[in-house]
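*Asks:* Since chain P is already given, all that's left is putting chain E on it; use the hints.
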Amino acid sequence: MTAEKQTPVGIEAKHVTKVFNGKTVLKDLNFSVKPKEVFVLMGPSGTGKSVLLRLIAGLDEVTSGNICINGTPLKEVKRKNKYVLGLVFQAGALFNSLSIFDNLALYFREHCLCSEKEITARIERVLEMLNLKGIEQQMPSSLSGGMKKRVALARGLLMEPDVLLFDEPTSELDLLTASSIIELIGSVNRRLGITTVIASHDILLAKSIGHHIGVLQNGTLGEIYTPETLLHADNAFIRNFLNPTINLDHPQFPSFLL
Amino acid sequence: MMKILEDWQYALVLLFKTIGELRFLPRQWGRCMQHACNMGYQTLPIVGILSLFMGGILALQTGYSLNKVPGAQNFLGSIVGLSMCRELGPLMTAFLLTGRVGSAITAELASMAVYQEIDALKTMNLSPVRLLVMPRLLGGLLMMPLLTIFSNILGWVGGWIVVHSVDIISINGSIYWRGLKKFVDIESINDGLIKAELFALIIIAVSCAVGLRTRGGPREIGASVTSTIVQTMVAILTCDFFVSKWLL
Chain P
79 MTAEKQTPVG IEAKHVTKVF NGKTVLKDLN FSVKPKEVFV LMGPSGTGKS VLLRLIAGLD
139 EVTSGNICIN GTPLKEVKRK NKYVLGLVFQ AGALFNSLSI FDNLALYFRE HCLCSEKEIT
199 ARIERVLEML NLKGIEQQMP SSLSGGMKKR VALARGLLME PDVLLFDEPT SELDLLTASS
259 IIELIGSVNR RLGITTVIAS HDILLAKSIG HHIGVLQNGT LGEIYTPETL LHADNAFIRN
319 FLNPTINLDH PQFPSFLL
Chain E
-10 MMKILEDWQY ALVLLFKTIG ELRFLPRQWG RCMQHACNMG YQTLPIVGIL SLFMGGILAL
50 QTGYSLNKVP GAQNFLGSIV GLSMCRELGP LMTAFLLTGR VGSAITAELA SMAVYQEIDA
110 LKTMNLSPVR LLVMPRLLGG LLMMPLLTIF SNILGWVGGW IVVHSVDIIS INGSIYWRGL
170 KKFVDIESIN DGLIKAELFA LIIIAVSCAV GLRTRGGPRE IGASVTSTIV QTMVAILTCD
230 FFVSKWLL
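Protein chains in written order, with the numbering used here: chain P, 79 to 336; chain E, -10 to 237.
Simulated from the structure, these hints should not be mistaken for lab results.
Just so you have them, the derived chain E footprint on chain P, three or more residues with Cβ under 8 Å:
#1 157 to 165
#2 171 to 182
#3 185 to 196
If we take Cβ atoms under 7 Å as the criterion, some of the chain E residues that face chain P in the derived model are:
#4 Q105
#5 E106
#6 D108
#7 A109
#8 K111
#9 T112
#10 M113
#11 L115
All C-beta atoms in this analysis are idealised placements derived from N, C-alpha and C, irrespective of residue type, glycine included.
Bound conformation, chain P alone (with noise of 0.2 Å):
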């Protein structure tokens, strides 16, 4: 394992459709992901963008087809624990009952992977690293939505992936913050060369840190583009979709409310 991560990690989805309830969420996918890369799959809410990360972190089954980590099925990934992926939850999903420093911690001692002294010292230097620096004791229904994210991106970094997938990382956020959190994942991508799936439909993230862009339509993904010809994109639902009209005067407006 230790070997395996030196090398950079790439993805390959090769017709993957996922059915939930007799509804198809997402229709014959197949992208890839090359090592180092950041991709960005963006797309209105309800897509299917979050299910396709689950489907890659394996927390879900695909219906039909297949996704490979450096060509290795993703099943197989799992049962033999060969590559680690680390998936940073829209609202963090840090464990409630837990201090920041043991939800950081848990993966380390319940994986005995290192000394008590190891540990601290490493949650020390990712703290540091992400400005979080005097948390360690405070509990997770104490921080603000930007820092839970932050702690979230903190305990992915710990498991040191070789891939890691975001869910929405700016969502509910403010504009600056939002930003220092892009900044973050793209220097994390830049120093540490971690192969970064996000889900979002955040432009400037797609534009800023993106290396290739995945628009979801209805469940299916067309052209992939880069953050230079999405913006030219021949495509009028992905026009309308990154520069939307405001109609002020709504068709359907009930007459009751008049």
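*Replies:* What follows is chain E alone, placed relative to chain P:
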């Protein structure tokens, strides 16, 4: 109905998975003890109060009825003693554990499931069964017999207080204790403890299963807690009937 069957099926799966995780018990022993202590701390006072009154009420009602038959009150000690240790002690403790501990387990695990904490554990390659189910299950199995013994003793004492202080019961305390000692043997106490352990398995397994299977939002957490209490009580009473029949 289908959901209840699915919950019970998942509870069984959790029990088997817990057996598979027992090899990690030494590392989880601290958590097991922590859960056992919490369960005891939460349940002990209420078990004590209710058992004391249950024993008292049983002695009062039975003593009043036996008053009509000359000499029958001499059996009051044995009736209270056997009723408490074979049936009322384990059953009442199980119901209280369901209300105090089972509901709390479901609420906690359902909240973890809804807010993706369970998914976070899975992405860290940590088994929710090992970290969340096994410590609670073993904690419950450790604490339930102790609570049941405590309930039995308090029930017997409650009966004695009534015998000692209520005029319509014409026997004295020593006859009550003599009758109790004569009929309550180790086998009767063991039968009660076997039931207690089975009830603990049902309570913790169903509570964990319902909690972990919760999807949706805060409303579903509340619904899961209600569902746990109803399902557990039905399962406990059903199990009690068949186990009593088997043990008699």
